[in-house]
Amino acid sequence: MTAAPAAAPAAARPPLPLAEQFQYGLAAPICLTWELTYACNLSCVHCLSSSGRRDPRELTTTQCQAVIDELQRMQVFYVNIGGGEPTVRPDFWALLDYATAHGVGVKFSTNGVRITPDRARQLAASDYVDVQISLDGATAEVNDAVRGPGSYDTALRAMGQLADAGFAGFKISVVITRHNAGQLDQFQALAGRFGAQLRITRLRPSGRGADVWDDLHPTAAQQRQLYDWLAVRGASVLTGDSFFHLAGYGEALPGLNLCGAGRVVCLIDPVGDVYACPFAIHDSFRAGNVRDPGGFAHVWQHSELFAGLRQPQAGGACQSCSAYDACRGGCMAAKFFTGLPLDGPDPECVKGHGERALATGTVPPRPSGDHSHRTSDRRPVPLTLGRRPPVTACDSNPLAGFTPGR
Amino acid sequence: MACAVSTEPVSTGPEAFDLDAAWQVAPQVQVRPERFGALLYHFGTRQLSFLKSPVLLTVVRSLAGQPSARAACRAATVPDQELASYHRALATLAASQMICPRDAA
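Just so you know, the protein sequences line up as chains H and S, in that order. In short: position in the first sequence from 1, add 8, done, that's our numbering. In short: position in the second sequence from 1, add 446, done, that's our numbering.
These are computed hints drawn from the structure, not numbers from a lab. Backbone N, C-alpha and C define an ideal beta-carbon position, used for all residues, glycine too. Errors might be hidden in some of the hints.
Said to hold, decoys possible - Estimated spans, in silico, between C-beta atoms of each pair:
id : chain 1 : residue 1 : chain 2 : residue 2 : range
1  : H       : G111      : S       : A517      : 36 to 46 Å
2  : H       : R364      : S       : E461      : 51 to 61 Å
3  : S       : R481      : H       : G323      : 47 to 57 Å
4  : H       : A228      : S       : A510      : 26 to 36 Å
5  : H       : A229      : S       : R548      : 18 to 28 Å
To be verified - Per the computed footprint, the stretches of chain H lying under chain S, defined by three or more beta-carbons under 8 Å from a beta-carbon of chain S, are:
id : stretch
6  : 27-34
7  : 116-122
8  : 133-142
9  : 277-288
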C-alpha cells in the first residue's frame, strides 16, 4: 500500500496517531487480499497458500459477484487479487470487469501465463486495474529454482507485453530470499527497463514456505543490507509494509509500521473463508466465511477473532526490549508458523531473540490445508497386492467365479 | 474529466492554496468515513490519504457546495484560531490531487 502524507491534524485536541487509530480497526479493510483459486500452473516452493489444485468448493461466478457488490457497499477501494494463479479461472476477466464497473479497483498478482498483447492493451486502458508480475530472481537461474522451469521467461514476456501496451508503472513483485537478496539493484534495473515499479515483500513461513523457510529466509547480514537499501530508497520501492520487523534497526521504514492483521488487512480465500491476513491461512486465524449470514461485512465487523486482534496486544517477553516500540514484536504469521508464541519475538528479530528462541526447539503447527499438485508428491503409495489365487488352477476365464444375478 | 495536472513542481505550503477559490473533491477520489475522520483513495495516482478529524471530513465534503474553501470551513464552524491548520490540511490534499479547483474539473 502506498500512503500519501496524511493531511495535517486539524483539531486543537491532538488526535491519536494514525497507527494507533488503525489498531482499533476500520469500517472496512484498506488492503483486502482475495485469492480467487487454489489452481496454479506453477508449484513455487514457497507458495504461502500451498496452491496447485482447484478446490471444488471455490466460489462460483455469482458468489464472487455478490462479494464484489458487498465490497462496493463497504467502500473497499480496491482488492488485491491473487491465488493460485487467478487468471486461470475462466471467469477471471469477467470478474475483473465486474469489479471495476462497480467502483472496486483491482490489483492482481500473476505469473504472467495468461497475459497476451490484447489483454495487456485492455489492462493498460483502465485506471482501476493494476498488475503485479511475480518474479523471485533477477536471473532465470535464481528465479526458476524457486518458481519452476520457464517461469522467468513467462514473466519477462508478460512484462514486455505490458510495457509495449503502454502500461506504465505496473509492479514487479519479488519475495526476498537468501538467493535473491543480493540482486536488489538488478531488480531495480529490470523495473527501470520495463517502466515498472519494484515491489519487494518478506518471505513468510506460511504454506509450503514452512518447508523451505530454513533454507530460503535471508540471513541476518542480508536483512541488515536490505534495511539499509530500503532506507535510502524511501517510498520509491513498494514493500506492502512487510518489513516493519526491521524497524528495530533504528528508523522506521516508510509505510504503516504495524501488523495490520484483522485491523486494516484480511484475506478471503477461494472457498470464501476469511482469514486475518494473507499469510495466516490456518484454522487458528479463520474469522468466518463470506457465505455465512451477514456476509463479509458481518465477519469483518463482528468476528470474535478480529475483535480480539483489535484489542491492545500484550508484548510478552518483547515488552522490555528497547526495540519493541519500533517493531511491535514483528509478524504474527511468521511467529505462528515457526512455532514461536504470538507474544514472543519474530523469528527474524533483528536483536537475535527469535533465533535464540528457535534454538531451544519449537514445534511448528500442522498445516490445516494443502492444495499442492499431487504430481510433486513422490511418497510411496501404500498398496496391497491381491494374493488370492485363481478359483481353480485352470480357471483363467475372466468370468470364472462370476455368478450372474437374477 | 480529471483535474488538470500541472507539470510544475508542486509546492505543498499553504501559501500555494487559495482559501478563497472554489474547490471540490477530485472526480477520481473516493471518500470513506472512519471513526477518526476519513480515508481517501485516488484511483488515478493510487494514493491513499487520511483525514484526521471528522470536522475536516465535513469541510472536504462541503467544498463542492460552497463558493470557497474559506466558506466551507466557516459552514463547518471551524474556529478562526484553527483556520491556519485547516488551511495546511487542505493545501496538503490539493498537492496530492485529492481535491482540485472546481473550474479545472
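Results of checking the hints against the structure:
1. Checking the proposed 36 to 46 Å range against G111 (chain H) and A517 (chain S) shows it is violated: the Cβ atoms sit about 29 Å from each other.
2. Look at R364 (chain H) against E461 (chain S): about 54 Å separates their beta carbons, and that is inside 51 to 61 Å.
3. Checked against the hint of 47 to 57 Å, the pair R481 (chain S) and G323 (chain H) fails, with Cβ atoms roughly 25 Å apart.
4. The hinted window of 26 to 36 Å between A228 (chain H) and A510 (chain S) is violated, with their beta carbons roughly 54 Å apart.
5. Here the CB-CB span from A229 (chain H) to R548 (chain S) is close to 55 Å, at odds with the stated 18 to 28 Å.
6. A stretch counts as covered by a chain when three or more of its residues have a beta carbon under 8 Å from one of that chain; for the stretch 27-34 of chain H and chain S the count is 3, and the coverage holds.
7. Beta-carbon proximity to chain S at under 8 Å applies to 0 residues in the stretch 116-122 of chain H; the threshold of 3 is not reached and the given coverage is violated.
8. Here's how the stretch 133-142 of chain H fares: 3 of its residues keep a CB closer than 8 Å to some CB of chain S, so the rule of at least three is met and the hint holds.
9. Requiring three or more residues with a Cβ within less than 8 Å of a Cβ of chain S, the coverage given for the stretch 277-288 of chain H is violated, as only 0 such residues are present.
Of the numbered hints given earlier, the model fails hints 1, 3, 4, 5, 7 and 9; all others are met.
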